[in-house]
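Below, each chain spelled out in residue letters.
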Amino acid sequence: MQKIGEKYKESVVNELKKIFGEEDVVTDQSEIDCQKVDVWWFTRYRMFQSCKDLPQPLAIVFPRNKGQLVSFMKYCNTNKIPVVPRGGGAGDCGGSLAFEGGIVVDTKKMDKILKINEKSLTVRVQPGVLQKHLEEYLNRRGYTMNHFPASFYTSTIGGFVSTNGTGILSSKYGKLIDMVHQLEVVLPDGKIFKSLPVSRHSTGPDFSKLFIGAEGIFGIITEVLCKIYYLPEKRTFLSFLLPNLKDGIEVGRKIMMSGLLPCIMRFYDEQDTSHILKNQYKMKGKGCFLMVGFDGLKEVVDIQTELAYKIISETKGKELGDKQAWVWWNNRLKSYYPPLDYVCEPWMTAVMDTIAPYEDIENVYWAMKSTVENKFKEYGALFHAHFSHWYDWGTSIYPTFLIKNVPKDYSKAIKLYENILDACINAAVKNGGVVNEHHAIGLRLGRFMEECYGKESFELIKKIKRALDPNNIMNPGKLGL
Amino acid sequence: MIFDQNTKEKEILKMCRCCFMCRHACPVFLATKMDADTPRGHALLISRIDEGLSKWTADVVDKIYRCSQCGLCRELCEFHWEEDTLIQSVREILVKLSLQPYKVKDIAYSLIEHGTVYNESKTNPGLKRKTTDQISSDVLYFADDVALCKQPEIIENTKKILNFLMLNWVMLEKEGSTGIELFELGYPDEAKIAAGNLVERIKKIGPKVIITGSPHAYKAFKKLYPQWGIDGLSNIEIYHIVEYLDKKIKDGELKLTQNSNHSMISYHDPCHLGRGMGVYDAPRNLIKTVTGEPPVELIHNKNEAECCGAGSVMYLTNPDISNKVAQNRVASALQEKAEIVVTACPNCKMVLMNAATKMGCNLRIIDIVELISSHLDDNINLKFNKK
Numbered sequence: 013m014q015k016i017g018e019k020y021k022e023s024v025v026n027e028l029k030k031i032f033g034e035e036d037v038v039t040d041q042s043e044i045d046c047q048k049v050d051v052w053w054f055t056r057y058r059m060f061q062s063c064k065d066l067p068q069p070l071a072i073v074f075p076r077n078k079g080q081l082v083s084f085m086k087y088c089n090t091n092k093i094p095v096v097p098r099g100g101g102a103g104d105c106g107g108s109l110a111f112e113g114g115i116v117v118d119t120k121k122m123d124k125i126l127k128i129n130e131k132s133l134t135v136r137v138q139p140g141v142l143q144k145h146l147e148e149y150l151n152r153r154g155y156t157m158n159h160f161p162a163s164f165y166t167s168t169i170g171g172f173v174s175t176n177g178t179g180i181l182s183s184k185y186g187k188l189i190d191m192v193h194q195l196e197v198v199l200p201d202g203k204i205f206k207s208l209p210v211s212r213h214s215t216g217p218d219f220s221k222l223f224i225g226a227e228g229i230f231g232i233i234t235e236v237l238c239k240i241y242y243l244p245e246k247r248t249f250l251s252f253l254l255p256n257l258k259d260g261i262e263v264g265r266k267i268m269m270s271g272l273l274p275c276i277m278r279f280y281d282e283q284d285t286s287h288i289l290k291n292q293y294k295m296k297g298k299g300c301f302l303m304v305g306f307d308g309l310k311e312v313v314d315i316q317t318e319l320a321y322k323i324i325s326e327t328k329g330k331e332l333g334d335k336q337a338w339v340w341w342n343n344r345l346k347s348y349y350p351p352l353d354y355v356c357e358p359w360m361t362a363v364m365d366t367i368a369p370y371e372d373i374e375n376v377y378w379a380m381k382s383t384v385e386n387k388f389k390e391y392g393a394l395f396h397a398h399f400s401h402w403y404d405w406g407t408s409i410y411p412t413f414l415i416k417n418v419p420k421d422y423s424k425a426i427k428l429y430e431n432i433l434d435a436c437i438n439a440a441v442k443n444g445g446v447v448n449e450h451h452a453i454g455l456r457l458g459r460f461m462e463e464c465y466g467k468e469s470f471e472l473i474k475k476i477k478r479a480l481d482p483n484n485i486m487n488p489g490k491l492g493l
Numbered sequence: 002m003i004f005d006q007n008t009k010e011k012e013i014l015k016m017c018r019c020c021f022m023c024r025h026a027c028p029v030f031l032a033t034k035m036d037a038d039t040p041r042g043h044a045l046l047i048s049r050i051d052e053g054l055s056k057w058t059a060d061v062v063d064k065i066y067r068c069s070q071c072g073l074c075r076e077l078c079e080f081h082w083e084e085d086t087l088i089q090s091v092r093e094i095l096v097k098l099s100l101q102p103y104k105v106k107d108i109a110y111s112l113i114e115h116g117t118v119y120n121e122s123k124t125n126p127g128l129k130r131k132t133t134d135q136i137s138s139d140v141l142y143f144a145d146d147v148a149l150c151k152q153p154e155i156i157e158n159t160k161k162i163l164n165f166l167m168l169n170w171v172m173l174e175k176e177g178s179t180g181i182e183l184f185e186l187g188y189p190d191e192a193k194i195a196a197g198n199l200v201e202r203i204k205k206i207g208p209k210v211i212i213t214g215s216p217h218a219y220k221a222f223k224k225l226y227p228q229w230g231i232d233g234l235s236n237i238e239i240y241h242i243v244e245y246l247d248k249k250i251k252d253g254e255l256k257l258t259q260n261s262n263h264s265m266i267s268y269h270d271p272c273h274l275g276r277g278m279g280v281y282d283a284p285r286n287l288i289k290t291v292t293g294e295p296p297v298e299l300i301h302n303k304n305e306a307e308c309c310g311a312g313s314v315m316y317l318t319n320p321d322i323s324n325k326v327a328q329n330r331v332a333s334a335l336q337e338k339a340e341i342v343v344t345a346c347p348n349c350k351m352v353l354m355n356a357a358t359k360m361g362c363n364l365r366i367i368d369i370v371e372l373i374s375s376h377l378d379d380n381i382n383l384k385f386n387k388k
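So the sequences go chain by chain: A and B.
Under this note's numbering, the letters of the first sequence match residues 13 to 493, in that order.
Under this note's numbering, the letters of the second sequence match residues 2 to 388, in that order.
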C-alpha cells in the first residue's frame, strides 16, 4: 500500500511541477506541519499532543497566475483530487486545513496590487496580498480600505472575501461583502467566472455573492476589486461606563437607529469590562464599558460625536473621556500578541460569534452565558463577551469560552469541547441567534449549518455545490458540505 | 527535550509557536511565502522536537539556517520576544550535534582556518593599501571580510577619506574573522577564539581609534566582545565610519561639497548598524550634507527596515533565498523611484547589487564612502587641516 501511495504521490507532484514549476510545488514536511495549525484550539491541541494521524496534503502549491490555476483545476477535477485554497491560514475553524488530503493552494504568491482607481475609489488586487501590505500601499496614496480585523497582519484579501471577514470599523464600513465590487474566480472545471464590474446592479442576482463567505467550496478567487476611501480627516472617541448590559444594548440600538454612523462601537459585558477597567483605566467599578468612535470629514464627525454623546448621556452612565480610547485605538492589535493572547496557552477556548436582531440579542447573550457557566461549572468554564459590530437592525455578540484545566485524556477533552459548542450554539439559535463566525465556519462549525438554515434550505446549498463542483474537489468537508 | 524548564528559549517557544503577528514582516517569509520560514514556523517546529513529538530532520535544520537573524520580528513584536536568540541557541545545539548543513560546516571551517567566509586566504592582489601588523598607529581601519574579498572600491574610497582627514591610519596585514559570523552560525566557542586572536593583533598596533565600514565588525567590537568577556578593546574608541564622519562634520573638522543636482537617493539601513547598534541618523546626516536633502525613505526604514538578505551569511548558505530577499528590497527602492541606493555595509551592497543585476534594473547601489569621497572639499579641508 505504502509503495502505491508513494508512486501516486510522485506522479501527482510531477504533474503539479509541470503546471507550477519546481520551486512552487512544496512537499517539505516542515511546511506541511506548519500549515496544519491555524488558530483553532483543536489544531493547536493536536499539534502538541501528537499530529501523526492528522491528515495532510500531498503537496502545497503556490500559484503565480490564473493560467496556472485553470490548468491545475482541470487536472484536479479530472483526477478527483481535493483542492484546499489557503490565504493567511490564520482562521480558527480549520477552514484552510487539508483534512481530506489533496493539494493546498497557497495564494500568497499571487499578491500583486494591480490597479488603483482614484476617481471611483477602487483597488484591483490579487487574492494573496496581505491586508497590512495593501493598507500600507493605500495609506501612502491618501487612501484606506477601512478593514481592520484582528488578523490585519496575517490574512489575505482572498481569505477575507472567502470568510466574509469583519473588521473593527464594520459598523460603518461593513463586512467584506460591502467592500467588494467585483470578483474573478477559477471554478472547479477550470472555467473562469467574472462578476459584473459594479456591485449594485439589477442584471440578475449579484453572483459574486455566491463566492463571498464560501470558504473556497466553489472555486479559487483570483482577483478582487475592492472599495477604498479617503483617509479620514478626523477621528473622535467617546467612552462611558454604563450601568448594565440592557442599557448598553439600548444605547447602541438608539445610536444606530438615529441615522448616526459610528465607525466603531464596542460594548463589553461585565467580565470584559472589569478587565478593561483594571488594565486600561487602572480603576475599579461595576458596569459595562462602551466605546464609540467616528471618522471622516471634520464637520460631520463633530456633529455626529455631539449627537451620540447626547444619546449616551441620557443613560445613567459615567463618562470616561477619550484618552484611553485613543490608547486602545493606537494599540488595538496588542492583545493578539502572546502572552496577552490565549494562543500561547494550552487552555481550551473558542469564540462563538453570533448575530441577532435587537429584539433577541440580549436573550441570546444570557442564554449563551448561562449555558457555559452553569452546564460546564465543574470544569471552571469562563465566559466573556463584547458587542462590536452594530447595524440598523441588530448587532453581534462576540463571546469566548475558556477552560484552563483541560482534561488530560484526549477523547474527554475533545468531547468536552464539542459539548460546549453544541450546547452554547444550540442555546443561541433557539433564542433567535445566527452563527456569524467571520473567521470561517470551516470544520469547527460546519455541523451547525443545516440547523441554522433548516433542512430544505440547506438542500439548496448542497444542490448548488453539486452543480458547480460535481466531484466535490473544492475544500471538501468545509461549511458542512 | 532541547531546553531546560524556565529557560528563556523555552518561554520564546511557548510565546511564538502559535503566533502569526510578525509573519508579514519577516524578509525570508516575504521571499519564500513559506510558513516554515517564519518565526512562528521555526518555534512550532523546534517546540515539537523539544517536546519529543518529532525529531531533527535535514528539512527542519535547513529552515533553521534560512533565518537571516535580522531581528525585525523581535523589533515589531509588541513584547519583543527574542526569536533571533532562539535561532542562535538552536544553531549552537545543531552544531554540537553535528547536524548543521554541510555548507555551514564549510563556511565555519573557512572562517576558522582562513579568517574569511570565502574559503581562500588571499586578499585582492590589486588592492594598494597601507597594511601592517607591526607599526603602531593612532587609527586602525578595519575593512572586514566582504570588503576585502569582494568590494575593493569601498576600501579605496575609505582610504581616500582617511587620507583626506590626514589621519595616521593603518590596516591589519591580514584581518581575519571578527567571530560574528561564526557566532551567528552556531559556533560561539570558535567565535570567541577568533575574536580573542583578533584583539591581540589589534592591541599590538595600539590604536586609540578603530574605524570600520562593516556593521558586522562594528557590532562585534562594540557590543558582542564585551558580552563575550573580551575586553581588550575597551580603551579604544570604536566607530562605524558613518558615525566618525558625522562627528567630524559636527566638530567642524570635515567639510564636504554639496551638489543639489543629484539623482534620487534612498538609504538602506543595514540590520547590524540600525537595529543592532541604533545608528540611524548619522548616514542620513551625511547624505543630506552632500545632496542638500535627506534620502528618500524606503517604505520600511530605520528600525523597521527589512534585511537585505545578507544576514547570517545567507548569501553563501542559501544564495537563492538571499537573492530573493534582496530583490524585494530593491523593488522597495524602485517603488520610491530611487536611482541610487546608498548603504553602509559591504555585505548589503554586494547582495543588493547582485539582486539589481538579476532584475535587470538601472538602480545603482553604492556604499556611503563612495558618495562621501566624491564630495571631499579640498580647499576648505586643506585650509582647516593646516590650522
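Possibly wrong hints are sitting among the right ones.
Said to hold, decoys possible - Part of the chain A face toward chain B, derived, beta carbon under 10 Å:
1. V38
2. Q41
3. S42
4. M59
5. Q61
6. K121
7. L142
8. E357
Think of the hints as simulated: they come from the structure by calculation, not from any bench.
For each residue, glycine too, the CB sits at the ideal point set by N, CA and C.
Taking the hints in turn, this is what the structure says about them:
Interface hint at V38 of chain A: satisfied, since its Cβ lies 7 Å from the closest Cβ of chain B, which is below the 10 Å cut-off. At its closest, the beta carbon of Q41 of chain A sits 6 Å from a beta carbon of chain B; the interface hint therefore holds under the 10 Å criterion. Here the hint on S42 of chain A is kept, as its CB sits about 4 Å from the closest CB of chain B, short of 10 Å. For M59 of chain A, the shortest C-beta to C-beta distance to chain B is roughly 7 Å, which falls under 10 Å, so the interface hint holds.
The criterion of a C-beta within 10 Å of any C-beta in chain B is met by Q61 of chain A, whose closest approach is roughly 8 Å, and the hint holds. Interface restraint check for K121 of chain A: the shortest CB-CB distance to chain B comes to about 5 Å, inside 10 Å, so the restraint holds. At about 5 Å, the closest approach between the beta carbon of L142 of chain A and any beta carbon in chain B falls short of 10 Å, and the interface hint on this residue holds. For E357 of chain A, the suggested interface contact is upheld, since its CB lies about 8 Å from the closest CB of chain B, less than 10 Å.
Consistency with the previously given hints is maintained throughout, with no hint failing.
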